[in-house]
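If you're matching them up, the sequences are chains A and B in order. Heads up, the first sequence is in the working numbering, so the first residue is 1 and it goes up one at a time. Heads up, the second sequence is in the working numbering, so the first residue is 1 and it goes up one at a time.
FYI, nobody ran anything at the bench for these hints, they're computed from the structure. Remember, it's a predicted structure, so these values are computed and weren't measured experimentally. Quick reminder that beta carbons are idealized off the backbone N, C-alpha and C, glycines included. Do not take every clue at face value.
[As the list claims (entries may be wrong)] To give an idea of the chain A side of the interface with chain B (calculated C-beta under 10 Å), a few residues: (1) K230; (2) E234; (3) L237; (4) V240; (5) E243; (6) A252; (7) Y257; (8) G259; (9) E276; (10) S399; (11) A400; (12) L401; (13) V411; (14) I413; (15) Y423.
[Unchecked claim] Derived DEER-like restraints, expressed as beta-carbon distance ranges: (16) K233/A <-> S161/B: 20 to 30 Å; (17) T143/B <-> E420/A: 34 to 44 Å; (18) T11/B <-> E420/A: 11 to 21 Å; (19) K538/A <-> K7/B: 55 to 65 Å; (20) I50/A <-> H208/B: 49 to 59 Å; (21) M193/A <-> T126/B: 50 to 60 Å; (22) A33/B <-> H226/A: 36 to 46 Å; (23) K186/B <-> V447/A: 43 to 53 Å; (24) I50/A <-> E101/B: 18 to 28 Å; (25) K407/A <-> K7/B: 47 to 57 Å; (26) V446/A <-> L152/B: 43 to 53 Å; (27) E101/B <-> A71/A: 43 to 53 Å.
This is what each chain is made of:
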Amino acid sequence: MPMEKKSPIYTILVGGAAGDGAKEAAINFGRLAAKHGYEFFLSVEYPSLIRGGHNYARVSISSKKVFCDSAELDAVVALNDETVEKHRSEIKKGGMIFLDSAEDAGKKGLINIPASAWVKEENLPRLFRASALLGAVCRYYNFDIVELNNIFKEIFGEKAGPNILLAKKGYEFLQSKNVQQVFLPRRKCAGKMVLDGNEAFSEGLVKAGLKNYFGYPMTPSSSILHYLAKKAKEYKLKVVQPENEISVINMALGASYAGSRTAIASTGGGFALMLEAMAFAGVAEIPIVVVDAQRASTSTGVPTRTGQGDLDFVRHLPGEYPRIVLAPGDADEAYLIAGAAMNLAWKFQSPAVVLLDKHLSESVSTVDLQTNKVKIENPKIAGNGAAYRRYAFSPDGVSALAFPGEKGKVVKISSYEHDEDGYICDGVENAKKMCEKRFAKTKGIVVERKKYDSIKIYGDKKAKNAVIFWGSVKGPMLEAMRAVKRPYKAVQIVWLEPFDTDRFLKEIKGVKKLVIAENNFTGQLAKLIREKTGVEIKNKILKYDSLPFDVRELAKKLDKIF
Amino acid sequence: MIDFSTKAKNTWCPGCTNFSILAAFKNALNDLAGEGYSKDNFVMVAGIGCHGKIPDYVDINSFMSLHGRDVASAEGIKAGNPNLTVVSFAGDGDAYAEGMEHLVHAAKRNANITLFVHNNQVFGLTTGQVTPTSPKGYRGRSTPFGSPEEPLNPLAVLLASGATFIARAWALDPDKLKEIMKRAVKHKGFSIVDIIQPCITFSDTRAHFKDKVFYLDQNWPTNDWSKAMQKIRENSDKVPLGVIYEINKPVFEEQL
Ligand SMILES: Cc1ncc(C[n+]2csc(CCOP(=O)(O)OP(=O)(O)O)c2C)c(N)n1
Ligand SMILES: [Mg+2]
Chain A
1 MPMEKKSPIY TILVGGAAGD GAKEAAINFG RLAAKHGYEF FLSVEYPSLI RGGHNYARVS
61 ISSKKVFCDS AELDAVVALN DETVEKHRSE IKKGGMIFLD SAEDAGKKGL INIPASAWVK
121 EENLPRLFRA SALLGAVCRY YNFDIVELNN IFKEIFGEKA GPNILLAKKG YEFLQSKNVQ
181 QVFLPRRKCA GKMVLDGNEA FSEGLVKAGL KNYFGYPMTP SSSILHYLAK KAKEYKLKVV
241 QPENEISVIN MALGASYAGS RTAIASTGGG FALMLEAMAF AGVAEIPIVV VDAQRASTST
301 GVPTRTGQGD LDFVRHLPGE YPRIVLAPGD ADEAYLIAGA AMNLAWKFQS PAVVLLDKHL
361 SESVSTVDLQ TNKVKIENPK IAGNGAAYRR YAFSPDGVSA LAFPGEKGKV VKISSYEHDE
421 DGYICDGVEN AKKMCEKRFA KTKGIVVERK KYDSIKIYGD KKAKNAVIFW GSVKGPMLEA
481 MRAVKRPYKA VQIVWLEPFD TDRFLKEIKG VKKLVIAENN FTGQLAKLIR EKTGVEIKNK
541 ILKYDSLPFD VRELAKKLDK IF
Chain B
1 MIDFSTKAKN TWCPGCTNFS ILAAFKNALN DLAGEGYSKD NFVMVAGIGC HGKIPDYVDI
61 NSFMSLHGRD VASAEGIKAG NPNLTVVSFA GDGDAYAEGM EHLVHAAKRN ANITLFVHNN
121 QVFGLTTGQV TPTSPKGYRG RSTPFGSPEE PLNPLAVLLA SGATFIARAW ALDPDKLKEI
181 MKRAVKHKGF SIVDIIQPCI TFSDTRAHFK DKVFYLDQNW PTNDWSKAMQ KIRENSDKVP
241 LGVIYEINKP VFEEQL
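Isolated chain A (complex conformation) (with noise of 0.2 Å):
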């Protein structure tokens, strides 16, 4: 692992109960080690319940970019003893755990810190352990407590005092008990922004002009509700939750018509219940950017883990128009796909879909906004003059957008087949030219693609072997490649449809050994795959028990194939 001995990778792993903040502390450790210059990926696994239960979160750092988190543990923070039971084995060889107990610290390799007694002391809820076992981390760590207590007063303001002081005390409990630092020097560049896959992916929207957002909560797409909600006043956005999705959708498509850019998020069973406006704003041309953050397993499945089911079902939604299928890897990506989607959306009067998944719209990284390269472009607009027609006939497919409340001009949209005014018509004639007016538009979008990265590789470009993925697999892949043997090519799709035959075959031309890799059970990619190129991969990892790739496991797979 040449990687490694430049910029090895630390990995501690927050765990508790349900309620016990395991997750927010580990966010803390992440944004702890980005004001000292390091990057981080965290990611989080927790049951569909509110109390109790197992949680935990694994944050790896590094001062090289991190895409996936590591199954092998340098630190273990436990709010409770099963944290302890359920992850020693992850340790690695002279790792740490840090305890809430008591007890006095005896054993090698455990430090006892007693948390609960100090938050009782302080007459504190209980939530308040983790700040206690977090400055502690931060000490042994060598971090400096006051970006730690920075991070509480941004967080909460005035409120931060009792996270501060608990803080302190596991600081210097550490301090006294003279355990052996691990010495992170504090880098010398910015601290980085900090956002999960969602945040970063609302972000993208806001930036490429999002006005409305309209979602019924279900996990791992309520995340972009939340968020956008807090940030409604700021971003001047109006944030709705319905009455169910399928009003989500048909509201959203109401603001898209009165000239709103607008998107709308849920996860497989939501989604569902959308197609019906889905096939709407297909025939009716109405913008609208749909996501679907995937879930584990099938219907209700494993809410709160990651899966990749659904891209067989977003490809043959009801009806016939041209499809948009965009899937981003990671936090950055999410961004830019955001914008892209909101700007194809616009521009060819269309649906976009984006998949995400629970690894991607829940994982914590330090990320790189690429700002500049998310803008409002501006859709076709019509003119005055000539009496408005909203599906007037043109060589690209494309009609000129107007939009009601605009003097002299008349909108009408529908869900019938119509002619060019907008009027219900059965014509034989007009259906066939309606149905051709909106394939046109496929033309445009193919060279619209040019402008982004619709597959991108990495790895050893003139490798033998090459692995191909989508989504979130991007994380593990990416690592899995500093641990195998033998070098590959990581061949990434973002755009599922339309999919860039030319580019993929150029890609995979004298490539030996093919492997995809999913996290689903029929190879929903390589099925696409083989439907758009003839080119049928016989080597499929594929993984459907609701985790996402481990690193070492998915080297090691790879391996074996090579």
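For chain A, the structure is supplied; the task is to place chain B with the ligands on it using the hints.
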């Protein structure tokens, strides 16, 4: 008089009572335009059914939505641009069967939209099946031996849901209908007008309703919820028409 006519060929049955609703609406539009409402700012929304073709016959902005989803569409249009005057037309199948949930919630959140329900107690366009407002025993193609279900009282549901304007009208009295429509549009908040309408092809209730409908008297207290509920639920042989309930509450879009 503004000419709202369009190029579309009307496809309703000859003698359909929708013609009367259409005439009342055009007249209401004309009046409202005279009173300062901008024609450009009007949006007609419609569901799917015989009623749902009405936007084709009026030369203003329109959004022909899906069956049952017109209310959600209307709320979204209003949220997208609160300066628009959004009026939705639904069938009883649309509003009270397929899309009931949207109605209840639009009333609850007091979205500033207006809904006209063409309540002909039948699925017209799909050839005469039973709807939630069809009487018990109604015989249609899906209930050849008579429907076993009691009809729904939609206005009771809407009053209970928090609607701030509730009216009932009779399709065959276009002058009064026009006045009620205008009041509904002017009402700030969620307004519904349940327009009782015979379907001359599948459920010809002209004779049935003719002597039953009557207008509430001038002094009817429109701000009394209990009285309104009582009136709406009254099990008499008469069908009261007019504005039954109207109050002011903060509207949804202004609080976003
Ligand atoms: C989702 C969906 N289900 C069913 C239909 C078929 N459909 C069209 S109109 C209609 C009923 C119309 O009844 P109503 O709303 O009362 O309108 P009317 O024709 O009586 O004016 C139905 C069931 C449809 N268009 N969409
Ligand atoms: Mg009807």
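Now for the hints, and whether the structure bears them out:
Because the smallest distance between the Cβ of K230/A and any Cβ of chain B comes to about 14 Å, over 10 Å, the interface hint for this residue is violated. Hint on E234/A is violated. Least Cβ distance to chain B is approximately 14 Å, over the 10 Å limit. Taking 10 Å as the C-beta cut-off, the interface hint given for L237/A holds, the closest approach to chain B being about 9 Å. For the restraint placing V240/A at the interface with chain B, the shortest Cβ-Cβ distance is roughly 6 Å, inside the 10 Å limit, so the hint holds.
This hint holds: E243/A has a C-beta 4 Å from the nearest C-beta of chain B, less than the 10 Å allowed. Hint status for A252/A relative to chain B: holds, with the closest Cβ pair at about 6 Å, below 10 Å. With a cut of 10 Å, the hint placing Y257/A at the interface with chain B holds, because the nearest CB-to-CB distance is about 6 Å. Nearest Cβ of chain B to the Cβ of G259/A: about 6 Å, under the 10 Å cut. The hint holds.
With 10 Å as the threshold, the beta carbon of E276/A comes within range of chain B, its nearest partner Cβ sitting at about 6 Å, so the hint holds. Among the interface hints, the one on S399/A is violated; its C-beta lies about 16 Å from the nearest C-beta in chain B, farther than the 10 Å criterion. Given hint, A400/A at the interface with chain B, is violated; its Cβ is 16 Å from that chain's nearest Cβ, farther than 10 Å. At about 13 Å, the closest approach between the beta carbon of L401/A and any beta carbon in chain B exceeds 10 Å, and the interface hint on this residue is violated.
Hint status for V411/A relative to chain B: holds, with the closest Cβ pair at about 5 Å, below 10 Å. Because the smallest distance between the Cβ of I413/A and any Cβ of chain B comes to about 6 Å, under 10 Å, the interface hint for this residue holds. Interface restraint check for Y423/A: the shortest CB-CB distance to chain B comes to about 5 Å, inside 10 Å, so the restraint holds. Take K233/A and S161/B: their Cβ atoms lie about 29 Å apart, and the range 20 to 30 Å holds.
Checking the proposed 34 to 44 Å range against T143/B and E420/A shows it holds: the Cβ atoms sit about 41 Å from each other. A beta carbon spacing of about 19 Å between T11/B and E420/A agrees with the range 11 to 21 Å that was offered as a hint. The hint said 55 to 65 Å for the Cβ distance between K538/A and K7/B, and at roughly 59 Å that hint holds. A hinted range of 49 to 59 Å for the beta carbons of I50/A and H208/B is consistent with their spacing of about 55 Å.
Here the CB-CB span from M193/A to T126/B is close to 55 Å, well matched to the stated 50 to 60 Å. Remark: the range hint 36 to 46 Å for A33/B to H226/A is upheld by a beta-carbon distance near 43 Å. Separated by about 49 Å at the C-beta atoms, K186/B and V447/A satisfy the suggested range of 43 to 53 Å. The beta-carbon spacing between I50/A and E101/B, approximately 27 Å, falls within the hinted interval of 18 to 28 Å.
Evaluation of the 47 to 57 Å hint for K407/A and K7/B yields a failure: the beta carbon distance comes to about 21 Å. Checked against the hint of 43 to 53 Å, the pair V446/A and L152/B passes, with Cβ atoms roughly 51 Å apart. The beta-carbon spacing between E101/B and A71/A, approximately 45 Å, falls within the hinted interval of 43 to 53 Å.
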